[in-house]
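Number of protein chains: 2
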Amino acid sequence: MSNFGFLHLRLVNPYDVAFQNARSAVGAADVLANAEKFETVAEAVADCSLVVGTTAVGHRDLQHSLQRLEAGAPLIRRHLATGPCALLFGSEKFGLSNQDMSHCHWLMHIPTREEHFSMNLGQAVAVCLYELKRDADAPVNPGEGSPASSAEIERIHDVLLTALRASNYPKLNTSDSFDGAVRRLVRRLSLQTGDAEFLLGMLRQIVWKLKRNEQAES
Amino acid sequence: MSNFGFLHLRLVNPYDVAFQNARSAVGAADVLANAEKFETVAEAVADCSLVVGTTAVGHRDLQHSLQRLEAGAPLIRRHLATGPCALLFGSEKFGLSNQDMSHCHWLMHIPTREEHFSMNLGQAVAVCLYELKRDADAPVNPGEGSPASSAEIERIHDVLLTALRASNYPKLNTSDSFDGAVRRLVRRLSLQTGDAEFLLGMLRQIVWKLKRNEQAES
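Chains as they are written, first to last, in my numbering: chain X, 1 to 218; chain A, 1001 to 1218.
Source of the hints: derived by calculation from the structure; they are not laboratory data. There's no promise every hint is true.
DEER-style ranges, computed between Cβ atoms [stated by the list, open to error]:
#1 X:D16 / A:L1185: 41 to 47 Å
#2 X:P147 / A:V1140: 19 to 25 Å
#3 A:Q1099 / X:E154: 39 to 45 Å
#4 A:R1078 / X:Y169: 31 to 37 Å
Yeah, the Cβ is synthetic: ideal placement off N, Cα and C, and Gly gets one too.
Construct the complete structure from the given sequences, taking the supplied hints into account.
Here it is, written out as structure tokens:
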């Protein structure tokens, strides 16, 4: 809850030993210190204008409309603009009872595989709150730096060919298309500017050493 | 992992006591029984053509490109069509070391609030795997049954007005627009067909009782 910025925890009849242990969890102190205790679900959700219950598909209750998390989250976000919403989770072992569910406007489930639909409670809460905060428009990070220019790629291609020539790489003389194959290979590396310079520096050093050895031999 | 259908767990130097305890977890037996142990990250990811490391933003490592989970997941899904991918998680306490990260093509983080970026390991894994299986096109479930027809809403409106008349509801005679206000109220209930019938039955019973009392009085 604290990771995703949901700071209002309400507990209905918590098991006090577990609750006191949880209060000592690293980093979550504020959420737990401010958690409110209630004796009934009705009291806990009294000021909420939307109550969404969570359930594993295996316990599907046909009395309520059931939404997949991906579809339910936008409905909750829309509601939050107008009033408070409670997301209701049952106990780890039994989930929500029919009585608990009668306080819910609708139910939501996390899509899991049929063979294993029962989730760890903490993981289920994390997944639901992640989805509520999810940013569908998060841009893909193109990576640090900018892609290497064609000129940089060409320099790498040139130095690599020089190194191969100095190493008597066999295909160099037998294949007419080898030059193009090397250029395409270097392009496929999707090098960033910094990495292109780094690679070029290494290749130049190799070429220098190869040529020095050549001179020493002759 | 088992909830979301990721069945290949690889462990690098696991703490054996914890590993043996985990093997006994309810429902996850197959994933753990088939888990493979390795001595180094290099061996664990040897056959993977994409290795994505996970990190909290607080430990951001500028040597790598860093993607938000929402943006990174589609890149991973695209890669999975062509070859195996490893999603690498560090230990609960320390996360991935720089040495571990050097085996990664890029890094991914779960967007959390700045004040609390360090996540529970099991919750972080659940959130990442949920996102990998997430269906952006999941349709909103319109609920069981179909919305009540206008005719059904009109019948409820009629019977409700009859009940109010029989109850001497004061506004009935003082406001010309009361009729429309009741109709709009009934529309706002967004009743499903079944619920509309249920409500109509209750109202008809109330009207029956009110009229019977009336007859008994007269």
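Checklist entry - Does 31 to 37 Å hold as the CB distance between R1078 of chain A and Y169 of chain X, or does it fail? => result Check passed, 34 Å falls within 31 to 37 Å.
Checklist entry - Can the suggested window of 19 to 25 Å be confirmed for the beta-carbon pair P147 of chain X and V1140 of chain A? => result Given a distance of about 40 Å, which is not inside 19 to 25 Å, the answer is violated.
Checklist entry - How does the Cβ-Cβ distance of D16 of chain X and L1185 of chain A compare with 41 to 47 Å: does it lie in that range? => result 44 Å Cβ-Cβ, so the 41 to 47 Å window holds.
Checklist entry - Okay, Q1099 of chain A versus E154 of chain X on CB: inside 39 to 45 Å? => result 34 Å, violated
Consistency with the previously given hints fails for numbers 2 and 3, ordered from lowest to highest.
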